[in-house]
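A.B. asks: Sequence:
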Amino acid sequence: MSYKFNKNIKRNSINGWRFLTLFPCLGSISTADGSALVKLGNTTIICGIKAELTNPTVEAPGKGYIVPNVDLPPLCSSRFRPGPPGEQAQAASQFIADVIESSEVIKTEDLCIDRGKLCWVLYCDLMCLDYDGNILDACVIALLAALKNTRLPEVTINKETSAPEVNLEKRRELQIHKHLVSASFCIFDDSILIADPTAEEETLSTANLTVVTDEDDRLCSVHKPGGTSLSGERLQECISRATTRQREIQKLIDKVAHSVKKAQ
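Going by full-length UniProt numbering, the first residue of the sequence shown is number 1, and it counts up by one from there.
Incorrect hints may have been included.
[Said to hold, decoys possible] Derived Cβ-Cβ restraints for the label pairs, each shown as a range: (1) Thr21 with Asp216: 21 to 29 Å; (2) Thr161 with Thr57: 20 to 28 Å; (3) Gln94 with Thr57: 39 to 47 Å; (4) Thr161 with Gly227: 54 to 62 Å; (5) Leu168 with Ser102: 28 to 36 Å; (6) Lys107 with Thr161: 42 to 50 Å; (7) Leu219 with Pro82: 20 to 28 Å; (8) Ser259 with Ser231: 36 to 44 Å; (9) Ser229 with Gln94: 22 to 30 Å; (10) Leu75 with Ser102: 40 to 48 Å.
[Stated by the list, open to error] The calculated PhoX-like cross-link candidates involving lysine-lysine, where the alpha carbons are at most 20 Å apart (straight line), are: (11) Lys50 with Lys63; (12) Lys107 with Lys178; (13) Lys107 with Lys117; (14) Lys178 with Lys63; (15) Lys50 with Lys170; (16) Lys255 with Lys178; (17) Lys63 with Lys117; (18) Lys261 with Lys251; (19) Lys251 with Lys178; (20) Lys107 with Lys50; (21) Lys224 with Lys170; (22) Lys261 with Lys170; (23) Lys159 with Lys117.
Calculated from the structure, these hints are not laboratory results.
A quick note: this is a predicted structure, and the numbers were derived from the prediction, not measured.
Virtual Cβ for every residue (Gly too), placed ideally from N, Cα, C.
I would like the entire structure built from these sequences, with the hints used as guidance.
C.D. replies: This is the structure:
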């Protein structure tokens, strides 16, 4: 199998990643409690977070919960068709859900208002506006940025009626416990690794790998859906590059979030 690197792709010459733009329009969706728009190369993802009050589950009376959903509509690429979510969209949604649970980016205990009676559920909708590969990295970055932008209204329980009272004027930030960043790679016959693959590169590759790390260099998740095998040396190389990437992305997100907060 032969592969010719596309020299027209604008990549950072230092580490091979495509250029990332985190638009300074965090919170631009007025109907959402938090939002972010991320552009990774040509791949563009918008994330909106909507918080709703609900009853905790019987199994976890002291916890709220988070429901992520990745949407790949036909408008983002000709490879997707109208109708129910396709296999790739479902796999991406499950990947995001697993990463949230395993990493504890937000502790669900923080979403509980009244144990066994009232909690927050965060609906995290991630929609792809332009698809050019590496959807998972873009989704993780957009989700983290949107969570940092989310503000939940103050909720108190009326002692007389036991009904919740929401004060939209007073809002609090979510406490982010882990700053997750994923790094995806394309594998070509276990001999060539390409970081941040485009849609064309994903089609030509023999396997894909996604590594998720946090700010403590802790490995949160490794996602490799089949394909050719990968040596331990190559895997360690991917993990090392992922930890370096995490620091770069976290600095960018913090910088944009600070500028937005300062402007408000």
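A.B. asks: Sort out which numbered hints this structure fails and list those numbers smallest first.
C.D. replies: 3, 6, 7, 10 and 21
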